[in-house]
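Given the coordinates of chain A, assemble chain B onto it according to the supplied hints.
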Amino acid sequence: MRAQSGDEAAYRSALALAATRLRGYFLRRMRTQPDDVEDLVQETLLTIHLQRATYDPALPLTAWLHAIARHKFIDFLRRHGRSAALHDSIDDVDESKLAVIEHDLTARRDIGKLLERLPAEQRQAILDTKIEGLSVAEAAARCGASESAVKVRVHRGLQRLAAWLRSES
Amino acid sequence: MKTQELVELLARRAGAVAPRAVQRRLAGAALAGLVAATIVVFAGLGVNPQLGAMGASLVLKLAYIGALVLAAGWLTDRASRPGVRSAAAAAALVGVVLAMAALAFVALIDAPAGQAGSLLLGSSWRSCPWRIALLSVPALALLLWAIRTLAPPSGRIAGFAAGLLAGALGALAYALYCTETSPAFVLVWYSSGVLLSALAGAAIGSRVLKW
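Chains as they are written, first to last, in our numbering: chain A, 255 to 423; chain B, 8 to 218.
These are computed hints drawn from the structure, not numbers from a lab. Note that the structure is predicted; figures quoted are calculated from it, not measured. Cβ atoms here follow ideal geometry from the backbone N, Cα and C, with glycine treated the same way. Some hints here could point you the wrong way.
To be verified - PhoX-like, lysine-lysine: derived pairs with alpha carbons at most 25 Å apart: (1) B:LYS9 with A:LYS367; (2) A:LYS405 with A:LYS367; (3) A:LYS405 with B:LYS217.
Claimed, not checked - Covered, in the sense of this in silico footprint (three residues per stretch, anywhere, with C-beta under 8 Å from a C-beta of chain B), are these stretches of chain A: (4) 306–313; (5) 316–322.
Said to hold, decoys possible - Listed below are several chain A residues computed to face chain B (Cβ distance under 7 Å; list not exhaustive): (6) TYR265; (7) LEU269; (8) ALA273; (9) VAL295; (10) HIS303; (11) ILE365; (12) THR383.
Bound conformation, chain A alone (with noise of 0.2 Å):
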């Protein structure tokens, strides 16, 4: 998979493709609450990327989503208490025909505000380097940290992102 090995444009377009087939799949399970799908995908979407190390490129890619997507479908479920049992009858429809064409929805919570409850050192590193663009290198020199330090609160701050969204949805 050319967006493991660290091709940006191929990971751009593999996350892209993924949120599309997560909005199919997650609005067929899910039609009495459509509300909460566009949360849903943003959600399982941050896991794909703290846990894309977890992908073996020696399998097939859909069966490593479609389990995450799952285990954020069941998840999701149990906080709210509903029965997994009523939709699970069409797990065999192809998604890709299915899937919503709009890319332009917006999730009811806010993952720009929940960024700015983060550690500053954390928001920053975030700030810097994803929203800004700039290199670890350049983030790391004008934060005064050293490179790797940028690197783990770029991760800390994204899992942190990953358990509020859990938590609060």
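Showing chain B alone in chain A's frame:
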């Protein structure tokens, strides 16, 4: 935040995944746990002075434990990733135990009449499994800690696999102290210690391995 913006944010400067990142994390935890258990054996139990004179029985014992470590490590790796089948690794583990069982069975049949009992129980069967389970504690804690950063589909199964691996590492350290030579003893009592650790791992894993 819009989903497209989140995708942009995540993709930017994402960097490459370190090759074999999962294996490295698990191997680091396993190695540190083995070192800790070895230190405990040196400091607390003492190394068997006759270790060098045990010959073939020691080699067989270490081969069995080593094979358990490899099979359990494979299983732990599989169980820590989503969407991956663990059947082959589990089969390898069962195969290792069956091979040892065959050797132990042959040794018991070959034994002179009336000796089978002592081959099975040795002189330390009461303490052996518990000591192995205790020696596996550091590796189990470190492995569970490592797996918490990964994505096990089932916390119980991943915890069980981590417990097997930790138990095998504890057994490896315990072999430095142990004076038993019979394959039947190793099969029954060493494996019991490993199983104790695995059950503990499953119980803890189902609680702490959430993501």
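Here's how the hints hold up against the structure:
1. B:LYS9 with A:LYS367: holds (12 Å)
2. A:LYS405 with A:LYS367: holds (22 Å)
3. A:LYS405 with B:LYS217: Holds, at roughly 24 Å.
4. 306–313: holds (count 6)
5. 316–322: holds (count 6)
6. TYR265: Holds - the Cβ of TYR265 of chain A comes within 7 Å of chain B, reaching about 5 Å at its closest.
7. LEU269: holds (5 Å)
8. ALA273: Interface hint status for ALA273 of chain A: holds (5 Å vs cutoff 7 Å).
9. VAL295: holds (6 Å)
10. HIS303: Holds, because the Cβ-Cβ distance from HIS303 of chain A to chain B comes to roughly 4 Å (cut-off 7 Å).
11. ILE365: holds (4 Å)
12. THR383: Since chain B brings a Cβ to about 5 Å from THR383 of chain A, closer than 7 Å, the hint holds.
The structure agrees with every numbered hint stated previously.
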